[in-house]
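K.L.:
The task is to assemble the complex, starting from two chains supplied on their own in separate frames and drawing on the hints.
These protein sequence lines map, in sequence, to chains A and B. FYI, the numbering used here numbers position 186 of the first sequence as 186, with every residue one higher than the one before it. FYI, the numbering used here numbers position 189 of the second sequence as 189, with every residue one higher than the one before it.
Errors might be hidden in some of the hints.
If we take Cβ atoms under 10 Å as the criterion, some of the chain A residues that face chain B in the derived model are [stated by the list, open to error]:
1. L318
2. A321
3. Y323
Counterexamples of contact, computed for chain A against chain B with all Cβ distances above 10 Å [to be verified]:
4. V264
5. I292
6. M300
Computed footprint of chain B on chain A; a stretch qualifies when at least three of its residues, placed anywhere within it, have a C-beta under 8 Å from a C-beta of chain B [as the list claims (entries may be wrong)]:
7. 95-107
8. 117-127
Hints were generated in silico from the structure; no laboratory data involved. None of these values were measured; they are calculated from a predicted model. Even for Gly, the Cβ is constructed at its ideal location relative to N, Cα and C.
Listed below are the residues making up each chain.
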Amino acid sequence: MKLKREQKLKLYTNLVRVRKLDEMMVKALLAGKLSSHWTSQKGQEAVGVGASSFLRKHDYVFYCHRGHGITTLIPKGLSPGVYIAEHFGKGTGGACGMKYYSHFDMELGIPGLSGTLGGDFVLAAGIGIAAKKRGKGQVVVCMQGDGTYGRGTFHEAALMAANWKLPVIWGVENNQYMIYTPTSEIYPKENIADLAFGYGMPGIVVDGQDVIAVCEAFQAAVDRARAGEGPSLIECKTYRIEPHVYAMGDLKGWKPRPQEEIDVWRKRDPINLFRERLLKEGILKKADVDRIDRDVAKEMEEAERFADESPPPDPEILKQALYSD
Amino acid sequence: MRQIRFIEAINEALVEEMTRDETVFMLGEALRGGTFGTTSGLVEKFGKERVLDTSISENAIAGAPVGAAIAGYRPIADLMFSDFFLIAADEICNKAAKWRFCHGGKPKLPIVYMASTGGYIRSDAEHSQSVEALIMHTPGLKLVIPTTPYDAKGLLKTAIRDDNPVVYLYHKLLMAKKGEVPQDEYTIPFGVADVKREGSDVTVVAVGYMVNMSLDVANQLQKRGVSVEVIDVRTLEPLDIETIIASVKKTKRAVIVDEDTLRCGVGAEIGMQIIENAFDHLDAPVQRIGAANFPIPAAAALEPYIFPQPKGIVAAIQAVLGRDLGGPIEMEGASDTLRQEVKQMILEKKVKD
Numbered sequence: 001m002k003l004k005r006e007q008k009l010k011l012y013t014n015l016v017r018v019r020k021l022d023e024m025m026v027k028a029l030l031a032g033k034l035s036s037h038w039t040s041q042k043g044q045e046a047v048g049v050g051a052s053s054f055l056r057k058h059d060y061v062f063y064c065h066r067g068h069g070i071t072t073l074i075p076k077g078l079s080p081g082v083y084i085a086e087h088f089g090k091g092t093g094g095a096c097g098m099k100y101y102s103h104f105d106m107e108l109g110i111p112g113l114s115g116t117l118g119g120d121f122v123l124a125a126g127i128g129i130a131a132k133k134r135g136k137g138q139v140v141v142c143m144q145g146d147g148t149y150g151r152g153t154f155h156e157a158a159l160m161a162a163n164w165k166l167p168v169i170w171g172v173e174n175n176q177y178m179i180y181t182p183t184s185e186i187y188p189k190e191n192i193a194d195l196a197f198g199y200g201m202p203g204i205v206v207d208g209q210d211v212i213a214v215c216e217a218f219q220a221a222v223d224r225a226r227a228g229e230g231p232s233l234i235e236c237k238t239y240r241i242e243p244h245v246y247a248m249g250d251l252k253g254w255k256p257r258p259q260e261e262i263d264v265w266r267k268r269d270p271i272n273l274f275r276e277r278l279l280k281e282g283i284l285k286k287a288d289v290d291r292i293d294r295d296v297a298k299e300m301e302e303a304e305r306f307a308d309e310s311p312p313p314d315p316e317i318l319k320q321a322l323y324s325d
Numbered sequence: 001m002r003q004i005r006f007i008e009a010i011n012e013a014l015v016e017e018m019t020r021d022e023t024v025f026m027l028g029e030a031l032r033g034g035t036f037g038t039t040s041g042l043v044e045k046f047g048k049e050r051v052l053d054t055s056i057s058e059n060a061i062a063g064a065p066v067g068a069a070i071a072g073y074r075p076i077a078d079l080m081f082s083d084f085f086l087i088a089a090d091e092i093c094n095k096a097a098k099w100r101f102c103h104g105g106k107p108k109l110p111i112v113y114m115a116s117t118g119g120y121i122r123s124d125a126e127h128s129q130s131v132e133a134l135i136m137h138t139p140g141l142k143l144v145i146p147t148t149p150y151d152a153k154g155l156l157k158t159a160i161r162d163d164n165p166v167v168y169l170y171h172k173l174l175m176a177k178k179g180e181v182p183q184d185e186y187t188i189p190f191g192v193a194d195v196k197r198e199g200s201d202v203t204v205v206a207v208g209y210m211v212n213m214s215l216d217v218a219n220q221l222q223k224r225g226v227s228v229e230v231i232d233v234r235t236l237e238p239l240d241i242e243t244i245i246a247s248v249k250k251t252k253r254a255v256i257v258d259e260d261t262l263r264c265g266v267g268a269e270i271g272m273q274i275i276e277n278a279f280d281h282l283d284a285p286v287q288r289i290g291a292a293n294f295p296i297p298a299a300a301a302l303e304p305y306i307f308p309q310p311k312g313i314v315a316a317i318q319a320v321l322g323r324d325l326g327g328p329i330e331m332e333g334a335s336d337t338l339r340q341e342v343k344q345m346i347l348e349k350k351v352k353d
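Chain B on its own, in the form it takes in the complex (with noise of 0.2 Å):
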């Protein structure tokens, strides 16, 4: 099968869905250019009625879409960066979230709010957070994250034609990331978990980027004789707990690692939902695995302090199994890698434009 980046497949995704649906818009900043990427090549397809570039007005750019929304169309507001949320937190938790609910059901509000997520990028604290904790802390909003380019494109067009609000996050040590996404059309339901790798020792359940992280932590593992079952929940919202126990309920210990801080985090929920349904048949305390309680600095030197490492994952699996794995486990920076490629295809589009 064909295999596309991240970017590309997030792009054929809005070709397609603004192809199929007329009332399909998207507004944001720079979006004729594009920034990443995502939205190269749409003005020339759609025009620039559909396209809008807007002033850096992030208040506007989420709340426009709420009008529109109620009025019958299907905006995509792109805020560039999840961080941006914060600005809009008003018209995105205020008013995407809870409008239909607080108008009796009546109104229909399909609004994709897509942005980049995440840190590992030697930026700063502003342009690095997570915020899945935030967004599914709120009712009203769906929540999708996506870890392949197949899970990027199907859940992209799943969202652009669901009647809610969705937020859609796209890590960005993931945006050069290769995958296989078939020609043919294709939509992913939410809800619905995606168990990456089988195993029998120890469930860790996973978010965003902290997926491919835990996947190569599993893969490591698996050298010294540990088995662990690998869970990408895709969706925070809505959540698909019943994957997850059925897990935990085999594997009898579960480790939960998400990017975003770990207080209050996503992690928290999960664990104390796994404890709720699955008590009885744990072996260990569950794990959860998060960022540091700080603002995000910039330095390389600082990161590890602050982000999960898959040392980290390795000790949490450790602690569930109750047993030492045998030394210290080598580990190649696998953020290093992600993060070239990503610089990489920077450069290629510059010097392609």
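Bound conformation, chain A alone (with noise of 0.2 Å):
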């Protein structure tokens, strides 16, 4: 797929999308506004928003646990204030404030996602299922962090979408860190996406810090995948800036993580990697940069400010939100 310039655009807007209101996060996080912790996805945005960006609306997406998502379901069209919102334990979240970091409105998409990590690859698979009854070329993505391919829950979606040639993509966020363990201490190859090669399936190595090689990776398993031609897997090679969970201690093993080592990362940070590209191919201006920083910037902030004034869930919801009448 050969990306034209609004689509250079629009993954540009949303990578600056979802690094404000990461921020915005962050920032709410300190003034104790989130019911729980926040686990930032900073450096990381390239992943979600290349694999996201062009689904159809009825295309399925399921993400990794860091950033809640924030990556994979704003480009997908899940609202800043309802996303925000959940977070705040209020009743215009996206579950209503009954889930904190998940979602759920299958208008979009968005399917919600599971509390213990690897759940969703299973769910996956079920929902390949369904798409592939229905033979409207849906497709579903499942993105999942580095640490959650080892869970016996992949092996066992991954051979059932293998052998009835389920459309969905399995994406690999691999940012280097399950916890404080280096990923190559969990791994006994440099790859995960070598897992691919026992169901017969592409395994595909993108640099996950350009937004463009991993949306043309994910385009074309896509396109694959609606052709009835079954899964992919495709790792995004990124890395964790920030600590694992905010404001909380930042370890490699036991010991301290080398500064050295995070500073090379934040070099290449996605956003400005992709704003200097497209500032030299004259796509973007600096004009039009500033533009989006503003508009972003005043969307987070009306985003935040629904949140703020949202009411908390009706105590009515127990009694309705258990069973389906």
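P.N.:
Next up, the structure:
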């Protein structure tokens, strides 16, 4: 897929929106407005944005726990206000304030998120079964972190998707850390994408800091899935800049994470890289950059205001939510 | 009225509901061949796309239905043995049970998790357990345990039409049992207990195969002049506590019989609800019977030390009556007959195939 000018602008704008929202979540955490913790996805934005910006409305996305879907769901169409409201414990949140990090809106292809890491693999396979039965060319993109691919559920789901040629794209957001443990210590090979071999599906490695590379890899896998050719596995190499949980300890193994390692990756910030490229290509001008920053800042301020002003969940919801009549 | 086997009643419900609604499909291990016969003939009628044979992958068998249900289908997952629910506990107890509630009551999850359950089959602890206490303990799951072919069919049809996850367990010893099942369409609502036998001296509340054992005991005790009321709960969630309480208020005595481990079992829950709702009506402390607090051993010689036995039910009834019933009561081992019937049925099926 050759990306058009407007598509590149959309990718850039989504990257800026996601970064701004992440920064806003940090401020909200420090202001005591979040119900619980924050796991910043700063520096990893190109992965989710590249994977989900050009999915169709009725395609489905699962997302990795880091950022609570911020990079995947905002490009997919979830309103930032709804996203923030869920984190503020408000009734207008994407799960009506019931789940904190998850949202449900099947009109946008957002089925929610498992609380146990790796619980989503088998659900994604199940949605793949439904999509295949319906026969309308829908696909499921299942983004999960590198550590999550240690779950046995991945094997069961990957086997099911491969055997039945389900339209599922398995995305690995490899940020090189599983909490404090370096990912290189928990897999016997350099690339998690090599797992694909045993299932007879393509296993692709891309630079997760390059939003165009991510986008093109996912679009090729999506085309393949829509054509009934089955699943793919795409590993995006990226890096976790912030600690595992914001404002908590930051270790590599059991010792402090080396600052020089972080600094190397800070230089490969996906937004800076893409901005420079678009400025060079003449697709962006300095004035556009400033305008996009201003527009996004305004959008996120309004989103936060929406969440601030939203009421908490009505306790009546407890009676209706357990069972469907 | 015609008589059919328990397994055939389940099969009929599956055929009727899959015919009625094209979004119903099944997945599990060796379903096309059908390990217990519940799914016999389905693949010929509905094709491979609706009768999906999976690898040995309980997490996917239980988890894929959650995804498929959210996306508009009505999957039936066959876990074969209820013991295997423990493999798939994350999918059943964390995903299916919680997905709707934790997403603000927005999704619908029309899923049936079915499996054989229970023991007295001379097999090991991982193929003989009962899981009703675990499932009943988990908010968000309905729980159905039929004891007759009539109930097996009517309750399964209701389960498939329900928009919520339903755990449907059928006891291994009851699979070959025959009973009256009408040709005409019917369903049985959840949350309505069945008073199997009216009585005035004591209420026995029973679950699953224990209903059959309790009825045998009640018939024997009738000869000694004791009138036992036997209630089949049929569904543990929702539980028809009103029928149980009304019966206890009448008889003033209660015994609860369940096959799951006694500790923290269904008997403890139902017994406590009786105490909360009818304490002033009780003439004796509530008695409960369940499996001893051990994993289940395979050897036949050890079975009586683990699983509820007719004489244990008799002893509990004597205790709540506060009087001796006059000498030991001879009870045939009901489970022996049922076990023979199941073996015979499997043998006949093999010959036929």
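K.L.:
For every hint, state whether the structure bears it out.
P.N.:
Hint check:
1. L318: 8 Å, holds
2. A321: 3 Å, holds
3. Y323: Since chain B brings a Cβ to about 5 Å from Y323(A), closer than 10 Å, the hint holds.
4. V264: At about 38 Å from chain B, V264(A) clears the 10 Å cut-off, so the statement holds.
5. I292: Given a closest Cβ separation of 33 Å, the condition holds.
6. M300: The claim stands: M300(A) keeps its Cβ more than 10 Å from every Cβ of chain B (closest is about 23 Å).
7. 95-107: holds (count 10)
8. 117-127: holds (count 8)
Consistency with the previously given hints is maintained throughout, with no hint failing.
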